[in-house]
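Work out the full structure, taking the sequences as your base and the hints as a guide.
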Amino acid sequence: MWRFVGIRLLQAIPVILAVITVTFFLVRVAPGGPFDGEKAVVPEVKAALEAQYRLDLPLWQQYTAYLGDLAQGDLGPSFKYPGRSVNELIASGLPITAELGFYALLIAVLIGGLAGVIASLKPNTAQDYIPMSAAMIGICMPSFLLGPILLLVFGIYLEWLPVSGWGDLPGDKILPAITLGSTYAAYVARLSRAGMLEVLSQDYIRTARAKGLPEWQVVVRHALRGGMMPVVAFLGPAFAGVLSGSFVVETIFGIPGLGRFYVQAAFNRDYTMILGTTVFLSTLIVLFNLLSDILAAWMNPRLRQQFSKG
Amino acid sequence: MFTLLLLACGAGESNVERGNREGVLHFGNGAEPQGLDPHVVTGVPENKIVRALFEGLAVKNPYTLEPEPGVAQSWEISDDGLTVTFHLNPEARWSNGDPVTAGDYVWSWRRALHPTMGNQNAYMLYPVNNAEAFATGKLEDFSKVGVKALDERTLQVTLKAPTPYFIQLMDHYSTFAVHRPTIERFGAATDRFTPWTRVENIVGNGPFVLKEWKLNRRIRVEKSTTYWDRDNVKLNGVVYYPTENTSTEERMFRVGQLHYTQTVPLDKMPVYRERGDSRYVNSPYLGTYYYLLNTGVAPLNDRRVRWALSLAADRQKLMDSVMYGVNVPAYSITPPNTLGYYPPKLIDHDVERARQLLAEAGFPNGEGWPGVDLVYNTHEAHRKIAVALQQMWKDALNIEVTLSNQEWKVYLNSVDNMDFQIARRGWIGDYVDANSFLDMFVCDGGNNSTGFCDAKYDEMILREAPRAKSREERYRIFHEAETRLMEQMPIIPIYTYTSNHLVHPSVKGLPPNLMDSLNLKYVWLDASAEAGP
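These protein sequence lines are chains C and A, in that order.
All residue numbers for the first sequence refer to the working numbering, where the first residue is 604 and numbers rise by one.
All residue numbers for the second sequence refer to the working numbering, where the first residue is 4 and numbers rise by one.
Just so you know, the hints here were simulated from the structure itself, not pulled from any lab data.
All C-beta atoms in this analysis are idealised placements derived from N, C-alpha and C, irrespective of residue type, glycine included.
Keep in mind that a hint or two might mislead.
To be verified - Selected chain C positions facing chain A (in silico; Cβ < 10 Å): (1) Pro617; (2) Ala633; (3) Pro646; (4) Glu647; (5) Val648; (6) Ala674; (7) Asp677; (8) Gly686; (9) Leu692.
The structure is reproduced here in structure tokens:
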């Protein structure tokens, strides 16, 4: 098991290095620079600014210097927010986005998982079609549509919940979590339905039923663990996806999370911020993929055996 | 139990209600500020906060926009217009109690202009003698720059040419003084990256002091106890919110989270207007939306073609349809009534004349038209305007204009490299004076971007107008110069901007003005004026 984890971690290093290298050079190829604005910047001022950010050095020297800083955990100063480091900006946004992502996935697993299991019990009947159609709508409904609808109904007309903010007013986390969670809930519903259908046709389920166990016990004690395998495999990448893809929800609800930095950095040509967030998030994706593999192995006795042998 | 009860009550009270009770203004500020160092920041959201924490030698009266005393209680301008002497208010204090001195200004202007500082607004001080030479590294000795402290309270500034709007510039944050000991405590004077502007460190001299700065959440300032005019500051505090998404901002206003919004979503403006909602405030703004024409490439190198394009644009129709009647058609670069100056109007919607000019240029009824490309940065309103004009040109002149939308920085790059035929542009005046628009089009103007170059125009803008003896004479020169500019038509003016805000009825002393300039000292909250939504 540890050997497996060790190998996977070693494999991650070249992947992340490749991400850094490609991102580093790609952002430099993009037209326009961090100091371009609607008003022309005096050449001398621009030169001074470039010198402050080492942009006056040859590109390869900038690259090696960046790698050197990165090895010490320093992601550099932000271009857009002088006086703040990329580390600081990520540290300010990450806990909020992670919390939002956690609630969203919790909603996704609870609602989506329940819908998927219910649907799988009576395939191709109304009990299947209704939750699955709802899931399809969930997948198709973009958060930039669902968010404002929820806001109008619950925030403005009913005045039950705040329309923006995060942790400032009671209940302001509910609508963003539902908005972000709904798309994932839809995926989870489809995955858990497929997983459950496969498991429910297995011999050991037939055995359990033949032994006369009540149906709910068959489902909860025997089928659920195997049926949720695809969901577990999906959760790792989904959490990384939530961290990097919460931009729209954060914008609609005015949430001070990481997603906004990530997207705006590209528009601002904030080189260090683009690199910092990309490096950080790609590392997270690698780690979460690994984590969901380990979790899947732990849940699947066959794989577990393989690992303990290997 | 009591706490619970309080909590329950608190939850029912909106920001606006609580703000009115406590004298705290809840202010939609558009975006998270880049920072709060007056010599580093560049944008509008920064301006609104920096001017609460710092104060210039003179400030703008929000009703008249004329300068009035700030740190300087008075000033004199010599007869030749070249020397300005500021007398500092002896009561002017930094927020730690230190007096604000003339020496602070000399040190601060050196910092603002220093070549390694990278201050993008350093040009605001270029009217000062030798300031430009120092800022561009051609002069190393700062003592040769025209700013001197005659004593603790007297600051003498020598200008390179008479600059009638110079006092106005003293309200721009790039000319503000900063607190030397605080900055030096955290690093070199010109280091952009030090934490001196953090809540626990910053020392300012404005009517408010920084109390809380939560990244991307809010910035809270409180009334200063050391500010010289504190008795006239009515607000106890202001909370600024980074309202980047205009729809979110509008919703926050509707549920009472904000007293004031930075703007109004375009599609909501007609709704508020038709309802006659007095909370919606729309007023002229010192900015022009226009198209740049690259006069160096065919067919736009022909003046007749440029005129034809401009004459064929039905601006009024464009405003009424696409812009919901929110903005005002523009026929020249300077907005009308810029401190009493009115620009010439050479053009109007005239399809017949446009066709005739195009025919004279060799494209009768659009025949032989090589096609022209119009570049704009990705934005729904820019797209709508471009599409409407494209159709107007097609209908009136039978010519094809293709549209290219580009991501913001790509678009800036295209404009900067003159890699376009027609490009969208907007310009907001730095100060209330026609010069802020007209000096763009001098031959080597950094924001000219059209290839327009006229020696006589340069002479009038750079030499004749500054030496004019009276405002009338100066405006006459501007009018003549602007006529020369528009005769060549290197730009197609489209509309004059307006500022649009939602303002809660309890907010008083915040009049609309051409600069959209806010002086928090004048603002107060009148809870009795509260009205239902």
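Status of the C/Gly686 interface restraint (C-beta, 10 Å, chain A) = Holds, about 5 Å.
Status of the C/Ala633 interface restraint (C-beta, 10 Å, chain A) | holds, 7 Å
Should the hint that C/Ala674 touches chain A count as held when the rule is a Cβ pair under 10 Å?
-> Violated: closest Cβ of chain A sits about 21 Å from C/Ala674, beyond 10 Å.
Hold the hint about C/Leu692 up to the distance rule: shortest CB distance to chain A must be less than 10 Å.
-> holds, 7 Å
Hint validity - C/Pro617 Cβ closer than 10 Å to any chain A Cβ = violated, 31 Å
Minimum beta-carbon distance criterion (10 Å), C/Asp677 to chain A | violated, 12 Å
Agreement of hint C/Glu647 with chain A interface, Cβ distance less than 10 Å | holds, 4 Å
Can the hint on C/Val648 be confirmed by a CB-to-CB distance to chain A that is less than 10 Å?
-> Given a least distance of 6 Å, the restraint on C/Val648 holds.
Does the CB of C/Pro646 sit less than 10 Å away from some CB of chain A?
-> holds, 8 Å
Going through the hint list in order, the structure does not satisfy hints 1, 6 and 7.
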